[in-house]
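> Work out the full structure: start from the sequences and follow the hints.
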Amino acid sequence: MDLWSYLEYAAWGLSAAFGLHMAFDWLKTDSTYSEDVLTSSREGELEAMAEEHKAQS
Amino acid sequence: MSDIDITSKTMDGMGPHGTKVGLLRVLGPAHVWALGVGIVLVGEYMGWNFAVGKGGAYAALIACWFAGILYSCVAMIDSEVTSTVASAGGQYTQAKHIIGPLMAFNVGLYLVFAYTMLEAANAITAGYLFFVVAQMTGHAGDLDQRPFIILVIMFLAWLNYRGVLATLTFNLVITAIAFVAILVLFASTSGVLGGGIMEHAALFEGHELPYGWIGVLAAMHFGLWYYLGIEGTTQAAEEVRSPARALPFGTLAGIMTLLIAATLTWYVCSGVLPWEFLGDGVNGSVAPLFDTARLSGSTGLVWLLGFGTLFATLASANGCINDASRAWFAMGRDKYLPGWFGAVHPKYRTPYRSIVFLVPIALIFALGAPLDQVITFSILSGLLGYTFMPLNIILFRRKWPLDTIKRGYEHPFHPIPALTLLTLCAITFFAVFLGYGTQLVAMIGFYIVVSLWFHFWRYRFVNRGAQFTMPWPKPRGY
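Chains as they are written, first to last, in our numbering: chain A, 1 to 57; chain Y, 1 to 478.
Some clues are possibly wrong.
Quick list of in silico lysine-lysine cross-link-like pairs, BS3-like style, CA-CA up to 30 Å [to be verified]:
| no. | chain 1 | residue 1 | chain 2 | residue 2 |
| --- | --- | --- | --- | --- |
| 1 | Y | LYS335 | Y | LYS399 |
| 2 | Y | LYS347 | Y | LYS335 |
| 3 | A | LYS28 | Y | LYS335 |
| 4 | Y | LYS347 | A | LYS28 |
| 5 | Y | LYS406 | Y | LYS20 |
| 6 | Y | LYS335 | Y | LYS474 |
| 7 | A | LYS28 | Y | LYS20 |
| 8 | Y | LYS20 | Y | LYS347 |
| 9 | Y | LYS335 | Y | LYS20 |
Since the hints were derived computationally from the structure, they do not count as laboratory data.
So, in structure tokens, the structure goes:
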């Protein structure tokens, strides 16, 4: 086995580690926070605030 | 009645009252530049040289500059519209506000397919680069490229998952290195620093336009490769600190960078490599800048351009993950797709479900589809998107003239850029039809089928009251 054979195994291992980390964090996040919070993002946040400033001034 | 009113403090559903977790506004113009140029620069390192194969070196230069005009129009039009419609989703959100839901759904799909296919193509290329390096360093037998292809996609998806600032700062660094590598190669081989090795006159003699003007037309297809993806800067709209300033600045600086990089790339490679070798991107010059560095005889240049090629590939895949996920997220948030995709990670503030969902799709294409088909699907989706842009800006200016909405940037000479873009798109469609007619027809058929699905089924789930979020006056004529 030369260096590249070890690198192949390392690439498989790192890929699995990144994938598992995302999957684990995803499940943890989904079980910790409610769907209402996670999907509360609304388009136009900046524009809404700008309108508010205009209305206040 | 709509349940959304952006001027209400109690029922607007928006931040700071409604949005509990939103995307993070942390990016500056340099990140926008890195996103746009990062996606594209790989096209200078490989792919553009197929244009030489189609029509010779001069045809590739003509295609380079005509495509440069096309993309300058794209950048100007995009800068004006997106500095006004500053939301994730880019052209999808523009289409939603300016044209209508069916156009928006199609544009959203163009974006996701163009970027996901390009990401897959980049991962395939990265795997191939590792394969070449393994061979050059004496590895016995063929290297298995699959673990490296998967690693590129998984690592970059993980980086995107963890936060946009780190993701695009990483892109800024590797894109800058890849761009500087082109400048150094030009300076070292053209005679600016030391002796030059350019042989344009000798290499071009008798091969000026080997296939005549039809070759020039055919070269337009791959001329897009010099700049394909610069329009991706708009996807950062919801994450930049100052959209009206950062988006036009980053996008226009990006297209200027690419015009310089594309012209230098053509000059350097066509002056060193014979056109027959340069134009064969499969059995000849797969990575022309790297091959030029090898012919220069400088070990330092070989290393620099080797890393430049790898970095350009990674930057492109990284930007594509960022852009595809934002477009998918924006469509989910509006219920054009299941609303589940519209989630934002409460800690990292990224559209994490969209990022993870697109990973297996990219992997399937990267591991199971041939590179040229993947690239063609990406180009065609991009081209459909460019065709939408001139219609978009003409309607935008007609419905909301300059004196009705304040823009961060106003592009000059309207409607000349729009009409130029439309004409160049028509020429490029014809050029693509010459080489990939079946794929073009199949893809248009696909978009017609999904449009019917959206119109007759999906649209009933769309959150119609929340679609129009910009505090604009009523459009003229309505």
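> Each hint: holds or not?
Hint check:
no., hint, in the structure
1, Y:LYS335 / Y:LYS399, "holds, 26 Å"
2, Y:LYS347 / Y:LYS335, "holds, 23 Å"
3, A:LYS28 / Y:LYS335, "holds, 24 Å"
4, Y:LYS347 / A:LYS28, "holds, 12 Å"
5, Y:LYS406 / Y:LYS20, "holds, 29 Å"
6, Y:LYS335 / Y:LYS474, "holds, 24 Å"
7, A:LYS28 / Y:LYS20, "holds, 18 Å"
8, Y:LYS20 / Y:LYS347, "holds, 12 Å"
9, Y:LYS335 / Y:LYS20, "holds, 18 Å"
Figure legend: structure checked against the earlier numbered hints; every hint is met.
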